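Going down the list, the sequences are from chains A and B. Our numbering numbers the first residue of the first sequence as 1 and each following residue consecutively. Our numbering numbers the first residue of the second sequence as 197 and each following residue consecutively.
None of these hints come from the bench; they were simulated from the model. This structure is a prediction, so every number in the text was calculated from the model and none was measured. Accuracy of the hints is not assured; some may be wrong.
[To be verified] Restricting the straight-line Cα-Cα distance to at most 27 Å, the calculated cross-link-like pairs of lysine-lysine (DSS-like) are:
no.	chain 1	residue 1	chain 2	residue 2
1	B	Lys711	A	Lys173
2	B	Lys548	B	Lys724
3	B	Lys408	B	Lys377
4	B	Lys711	B	Lys701
5	B	Lys237	A	Lys173
6	B	Lys727	B	Lys711
[Unchecked claim] Far from chain B, some chain A residues (derived; all Cβ distances over 12 Å):
no.	residue
7	Leu36
8	Gly108
9	Ala161
10	Val175
[What the hints assert, rightly or not] Computed footprint of chain B on chain A; a stretch qualifies when at least three of its residues, placed anywhere within it, have a C-beta under 8 Å from a C-beta of chain B:
no.	region
11	22 to 35
12	77 to 83
13	181 to 189
Idealized CB from N, CA, C, for every residue including glycine.
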Amino acid sequence: MSVTTVVLAGVGGQGTILAGDVLAKVAVSEGLDVKLSEVHGMAQRGGSVQTVVRFGEAVYAPVVDPGTADLLIAFEIIEAARMLPLLRSGGHFVANRRMVQPLPVLTGDLPAPGGLEGALRAEGAIVLDAESLACEAGSPRSANIVLLGAASVALPFADDAWRAVIESRVPPKTVDANLRAFHLGRSACEEGACAL
Amino acid sequence: MARALLSGNEAVARGAWEAGVSVGIGYPGTPSTEVLENLVKYEDVRCEWAPNEKVAAEVAGGVSLGGHRALVTMKHVGLNVAADPLYTQAYTGVSGGLVYLVADDPGMHSSQNEQDTRNHAAGAHVPLLEPSDSQEALEFVRRAFELSETHDIPVIVRMTTRVAHGKTLVEVGERRAVEPKPYTRSPSKYVMMPAGARQRRLDLTSRLAGLKTESEHAAENRIEMRDPALGVVTSGVAYQYVREALPEASILKLGMPLPIPEALVRDFAARVDRLAVVEELEPYLTLRLQALGLALTDVGFSFVGELSPSIIAAAFGREVADVRPPLPGLPPRPPLLCAGCPHRGVFYALSKMHAVVMGDIGCYTLAALPPLNAMDTTVCMGASLGMAHGMELVDAAEGPIVAVIGDSTFAHSGLTGLLHLAYSGQGGTVIVLDNRTTAMTGHQGNPVNGVAIDGSEAPAVDLEALCRALGAASVQTVNPHDLAEVQRVLAEETASEHLSVVIAKAPCVFLSREKNTPFEVDPELCKKCGKCIRLGCPAISRSDAGEAVIDVAQCVGCRQCTQVCAFGAIVPGGSVCDRGGAR
Numbered sequence: 001m002s003v004t005t006v007v008l009a010g011v012g013g014q015g016t017i018l019a020g021d022v023l024a025k026v027a028v029s030e031g032l033d034v035k036l037s038e039v040h041g042m043a044q045r046g047g048s049v050q051t052v053v054r055f056g057e058a059v060y061a062p063v064v065d066p067g068t069a070d071l072l073i074a075f076e077i078i079e080a081a082r083m084l085p086l087l088r089s090g091g092h093f094v095a096n097r098r099m100v101q102p103l104p105v106l107t108g109d110l111p112a113p114g115g116l117e118g119a120l121r122a123e124g125a126i127v128l129d130a131e132s133l134a135c136e137a138g139s140p141r142s143a144n145i146v147l148l149g150a151a152s153v154a155l156p157f158a159d160d161a162w163r164a165v166i167e168s169r170v171p172p173k174t175v176d177a178n179l180r181a182f183h184l185g186r187s188a189c190e191e192g193a194c195a196l
Numbered sequence: 197m198a199r200a201l202l203s204g205n206e207a208v209a210r211g212a213w214e215a216g217v218s219v220g221i222g223y224p225g226t227p228s229t230e231v232l233e234n235l236v237k238y239e240d241v242r243c244e245w246a247p248n249e250k251v252a253a254e255v256a257g258g259v260s261l262g263g264h265r266a267l268v269t270m271k272h273v274g275l276n277v278a279a280d281p282l283y284t285q286a287y288t289g290v291s292g293g294l295v296y297l298v299a300d301d302p303g304m305h306s307s308q309n310e311q312d313t314r315n316h317a318a319g320a321h322v323p324l325l326e327p328s329d330s331q332e333a334l335e336f337v338r339r340a341f342e343l344s345e346t347h348d349i350p351v352i353v354r355m356t357t358r359v360a361h362g363k364t365l366v367e368v369g370e371r372r373a374v375e376p377k378p379y380t381r382s383p384s385k386y387v388m389m390p391a392g393a394r395q396r397r398l399d400l401t402s403r404l405a406g407l408k409t410e411s412e413h414a415a416e417n418r419i420e421m422r423d424p425a426l427g428v429v430t431s432g433v434a435y436q437y438v439r440e441a442l443p444e445a446s447i448l449k450l451g452m453p454l455p456i457p458e459a460l461v462r463d464f465a466a467r468v469d470r471l472a473v474v475e476e477l478e479p480y481l482t483l484r485l486q487a488l489g490l491a492l493t494d495v496g497f498s499f500v501g502e503l504s505p506s507i508i509a510a511a512f513g514r515e516v517a518d519v520r521p522p523l524p525g526l527p528p529r530p531p532l533l534c535a536g537c538p539h540r541g542v543f544y545a546l547s548k549m550h551a552v553v554m555g556d557i558g559c560y561t562l563a564a565l566p567p568l569n570a571m572d573t574t575v576c577m578g579a580s581l582g583m584a585h586g587m588e589l590v591d592a593a594e595g596p597i598v599a600v601i602g603d604s605t606f607a608h609s610g611l612t613g614l615l616h617l618a619y620s621g622q623g624g625t626v627i628v629l630d631n632r633t634t635a636m637t638g639h640q641g642n643p644v645n646g647v648a649i650d651g652s653e654a655p656a657v658d659l660e661a662l663c664r665a666l667g668a669a670s671v672q673t674v675n676p677h678d679l680a681e682v683q684r685v686l687a688e689e690t691a692s693e694h695l696s697v698v699i700a701k702a703p704c705v706f707l708s709r710e711k712n713t714p715f716e717v718d719p720e721l722c723k724k725c726g727k728c729i730r731l732g733c734p735a736i737s738r739s740d741a742g743e744a745v746i747d748v749a750q751c752v753g754c755r756q757c758t759q760v761c762a763f764g765a766i767v768p769g770g771s772v773c774d775r776g777g778a779r
């Protein structure tokens, strides 16, 4: 088995680190070699953040290079567009519809980019409204797990493996909401909303 | 035993614990912080946050002198502060093992420079180990304690961001009990007056000779022979990149690059057709190999920022992946002060005053960015006070000049600066942003907030009394969320001739468990004046029609914006799910 590279990107505070950790632990539970890389500190204060998870028989580098990601999971639509160059030809791409406006846009110094959803779909991305599904699952904070559920369709791991790791990794009170969120995301993809 | 997915920092903590460490101490700094945060979870280890790295290194030196093993942790720039004890500890040597864990930040993800700790190790004449993943991080820390005791010297374990914060699979071991050595007085070894120091300097040279022999035969320095056409000398995470980018290349992996194993390097060079060095940051190995007279293939690395497999592949003329063009017109997303951050109230006032602001290291550095534009400098921990005084000495600005420093940074390196301002008799205005935590690095305890490393209560310094004792004529504490109060007090103190300290005290938003009711904008009342937008709060944006809009999912109800709105348009809001999720 060759190495699979997954990139999770979003805005500091959106839960990319937890989602990346869940994915990495699922891969470990399936007996694979796994490496994960993320950046802490200043970037987490509302800046662009990125977690890279790589798994396979033997993984060396913990980082991603342009044109090499097999799967991109974007928690925010501008960040989705920003990381497009990482995606390899034929790679999978799941993106959240939500836009979190960066400060230069909030202050009116730069315009909000338009037409991103169409541009991303043209590149093969699946775009979904993770916040709506998260609210449906019972916790607006579970949008990260909705996206993981949607992306799981493109990953070779069994449902039970995901369930076990989510149960062990999220706060106890939110286990049910997060499991619902995972399955709502997964169903959204399975029901033809996405062609992964 | 099952393998666990550990970050490099978690593995360092595990390795130190397994090595029987008695004390772990350091100052938080990305990417090193999680080492002590994890070590404190183990039994039989005393952990402390020190006010700065120098104190930490001296405490660790005392533990070592007392015959126990000590780990001291810091980021790369922290070693500048701890360099004073380190350079002389190399002379005195150790009793119990003394290990410095120093984390470099290539690419400056969360740092003000990207200095290379290998240069400090060379300058201090101490050995350095450099792990390339979490398994090695654990093993190298254990080994570092043994080397330290065998060769009577402090040992540096150098991490970089990708090793410290990368997670890889680790096979862990068990704690090995280490017999403490009894303290015996030895002035000739530990009192570094010139006569004794000269002897220890010579002794250091002979200890280094022993270390050199160790390095030649260390298991951490290994040759991996594959195709002899290309041989790469590398260390740290760069080893992983080379394995990926040049899978057929022969490699000399230097897990212990200092002291350099000359004979091993020459042996490797003789066995390959072309020799190259791949290293991150400074050309440390490159210069050493050139000094040995070895001919290196110049692959044209810039020695700036991080490497990656593609950068290496391209440098060696290998094929790299096709890359899609980026989508045009994407706005950058710089990090920013959080919604509800108490610092914002202070910088909003400084921005309105057109003050010249000498800044410091912490989240509040982000106030330098638009729209607040309220910081003129950021250099190093504690620099704000001295620089403000220097600017005052030469009447550099027409308007007010202030120093702004966080609570933990003030405890780290601000006290001596304030003492100097008092001693100079020239006055000045210092603002201490007391958000009750060391926020940027993930909310650690410090001497000001009275929280110990394990989260328990610790004695807290009386900040007002401390500032008065250091010589401030006026010390006032203000609530930074009360914009009128902040503006009034800052106008008053910057106009005065005396030395004043203004303490802006309110907890970091991450510390408040109780969320206030979020606010929203009543579009009927909003006059589109944009005043609230100028606060630079990430929860506030403009609608297409120009009215302000508050994202109730981000708003924490700090009420700062309600004070700048002249039209009463900012009113209590509802839940995000009532609005159908995403906007």
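Here is what the structure says about each hint:
no. : hint                     : in the structure
1   : Lys711(B) with Lys173(A) : holds, 18 Å
2   : Lys548(B) with Lys724(B) : holds, 20 Å
3   : Lys408(B) with Lys377(B) : holds, 26 Å
4   : Lys711(B) with Lys701(B) : holds, 18 Å
5   : Lys237(B) with Lys173(A) : holds, 24 Å
6   : Lys727(B) with Lys711(B) : holds, 24 Å
7   : Leu36                    : violated, 4 Å
8   : Gly108                   : violated, 6 Å
9   : Ala161                   : holds, 14 Å
10  : Val175                   : holds, 19 Å
11  : 22 to 35                 : holds (count 6)
12  : 77 to 83                 : holds (count 4)
13  : 181 to 189               : violated (count 0)
The structure does not agree with the numbered hints 7, 8, 13 stated previously, though it agrees with the rest.
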